[in-house]
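Peer 1: Chains A and B are the protein sequences, given in the same order. Last residue of the first sequence? That's 254 in the UniProt record's numbering, and every number before it is there in order. Last residue of the second sequence? That's 130 in the UniProt record's numbering, and every number before it is there in order.
To be clear, the hints were calculated from the coordinates, so they are not data collected in a lab. Check before you lean on any hint, since a few could be wrong.
Unchecked claim - To spell it out: a stretch of chain B is covered by chain A in this simulated footprint if at least three of its residues, at any positions, have a beta carbon under 8 Å from a beta carbon of chain A; those stretches are: (1) 15 to 23; (2) 35 to 43; (3) 73 to 85; (4) 96 to 105.
As the list claims (entries may be wrong) - Anything over 12 Å on all C-beta distances counts as not near chain A; from chain B, calculated: (5) MET1; (6) ILE3; (7) GLY54; (8) PRO57; (9) LEU59; (10) ARG114.
Here a beta-carbon is modelled for each residue, glycine too, at the ideal position from N, C-alpha and C.
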Amino acid sequence: MEMITEILSKNGLVFAFVVVGVVMWVSYQLSDRLSAGRLHGSAVAIIIGLVLAWLGGLATGGSKGLADVPLFAGIGLMGGAMLRDLAIVSTAYGVDIREIRKAGAAGVVSLALGIFVSFAVGALVAAAFGYTDAVSMATIGGGAATYIVGPVTGTALGASSEVIALSVAAGLLKAVLVMIGTPFVAPLIGLNNPKSAMAYGGLMGTTSGVAGGLAATDKRLVPYGAMTATFYTGLGCLMGPSVIYLMLLAVTGG
Amino acid sequence: MIIYGVAALAACHLAGVILGDLLGVILGVQSNVGGVGFAMLLLIVSTDWLRRTGRLPQLSEQGILFWSAMYIPIVVAMAAQQNVVAALAGGPIAIIAGVGATIACVALVPVVARIGGQDAPLPPLMAQEV
Numbered sequence: 001m002e003m004i005t006e007i008l009s010k011n012g013l014v015f016a017f018v019v020v021g022v023v024m025w026v027s028y029q030l031s032d033r034l035s036a037g038r039l040h041g042s043a044v045a046i047i048i049g050l051v052l053a054w055l056g057g058l059a060t061g062g063s064k065g066l067a068d069v070p071l072f073a074g075i076g077l078m079g080g081a082m083l084r085d086l087a088i089v090s091t092a093y094g095v096d097i098r099e100i101r102k103a104g105a106a107g108v109v110s111l112a113l114g115i116f117v118s119f120a121v122g123a124l125v126a127a128a129f130g131y132t133d134a135v136s137m138a139t140i141g142g143g144a145a146t147y148i149v150g151p152v153t154g155t156a157l158g159a160s161s162e163v164i165a166l167s168v169a170a171g172l173l174k175a176v177l178v179m180i181g182t183p184f185v186a187p188l189i190g191l192n193n194p195k196s197a198m199a200y201g202g203l204m205g206t207t208s209g210v211a212g213g214l215a216a217t218d219k220r221l222v223p224y225g226a227m228t229a230t231f232y233t234g235l236g237c238l239m240g241p242s243v244i245y246l247m248l249l250a251v252t253g254g
Numbered sequence: 001m002i003i004y005g006v007a008a009l010a011a012c013h014l015a016g017v018i019l020g021d022l023l024g025v026i027l028g029v030q031s032n033v034g035g036v037g038f039a040m041l042l043l044i045v046s047t048d049w050l051r052r053t054g055r056l057p058q059l060s061e062q063g064i065l066f067w068s069a070m071y072i073p074i075v076v077a078m079a080a081q082q083n084v085v086a087a088l089a090g091g092p093i094a095i096i097a098g099v100g101a102t103i104a105c106v107a108l109v110p111v112v113a114r115i116g117g118q119d120a121p122l123p124p125l126m127a128q129e130v
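Please construct the entire structure, taking both the sequences and the accompanying hints into account.
Peer 2: So this is what it looks like as structure tokens:
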């Protein structure tokens, strides 16, 4: 037993692939069996990840969730900034420049508006709860954009792990809400044609949320929403630690 | 070869992060400014050019697509190492921020979708298409 734990610790990253693979499999089973695929498997997996981080934090009293348990240290490498950013950059692949042009004015406006409104709501809520420094406001605002923009903004600006975790929680909640809620709000907001789907993707931004939510509404809308949504996280990562942080810095006075 | 795609992706990643660091220095912000965003733009522009000139074989493409497919699992690993205990102690801030941003943005969809004229709804799905 001791020998096995030692081997698993030595091969931390490889063991992490197994652990995350099992989490993904369980999540997709739960998604299929309990929610008939309505709550996307990726959302379930992220929720399980956060629960594991919570358990790890309770067990060790550390600040790095499950990665603080020596056996699961590889999770820290797999989900660390280096591989995470590489994977995020790779998702931009396949975005066709011609299709970007087709998205037109509505797509551009929805992206800019979606990012600014989310950051504004998140930053205001952060300030209301006493996080009045520009770094924390930008990070929680980023979380209100997506669960990627929050940690990327927070890491770039040097926010505390607690604030980064808050931003992930806010972004995750948004993704889950979009996934579950899209079919219900679709008739109310005229979400029944490619153009409104593009506007929806740009405003909501959470790729997994939009892809899952639109699939549950009308699968023909998925590529249009996903196309603008894939830009959102990149633009958010670009604007969060730069333009929006500087704006917040000007407002808060440092 | 698959490694060409991975190498192109990694080069874009590094170039973007270096650009972001430089911009941070120029702006006097002690942080990386939008490095990941620049890397994404670099990847979009460079792979589009490579594809148009026929220099991106399918195998090289797979080197990028592999990491794209690893995105959600890596995000799950990222979630598993967050300081959730501290976040929960922070109170309802995450709930209000998440719900608030969602509602505010949903409300804007009909406004933005009207830009440049409203589109007709898609025809109803045929039974066999569902």
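Peer 1: Against this structure, judge whether each hint is valid.
Peer 2: Verification of the hints:
1. Counting residues of the segment 15 to 23 of chain B whose C-beta lies closer than 8 Å to any C-beta of chain A gives 4; at least three are required, and the coverage claim holds.
2. Given as covered by chain A, the segment 35 to 43 of chain B passes the check, having 8 residues with a CB less than 8 Å from a CB of that chain where 3 are the minimum.
3. Only when three residues or more bring their CB closer than 8 Å to a CB of chain A does the claim for the segment 73 to 85 of chain B stand; here the count is 13, and the claim holds.
4. Only residues whose beta carbon comes within less than 8 Å of a beta carbon in chain A count, and the segment 96 to 105 of chain B has 9; three or more means the coverage holds.
5. The claim that MET1 of chain B lies off the interface holds: its Cβ sits roughly 17 Å from the closest Cβ of chain A, which is beyond the 12 Å cut-off.
6. For ILE3 of chain B, the non-interface assignment is confirmed: its Cβ lies about 14 Å from the closest Cβ of chain A, beyond the 12 Å cut-off.
7. A cut-off of 12 Å between C-beta atoms confirms that GLY54 of chain B is not in contact with chain A; the least separation is 16 Å.
8. Chain A leaves PRO57 of chain B outside its interface by the beta-carbon criterion, the shortest separation being 14 Å against a cut-off of 12 Å.
9. Its beta-carbon lying about 14 Å from the closest one in chain A, LEU59 of chain B satisfies the requirement of being farther than 12 Å from that chain.
10. Taking the minimum C-beta to C-beta distance to chain A, about 8 Å, the non-interface status of ARG114 of chain B is violated against the 12 Å cut.
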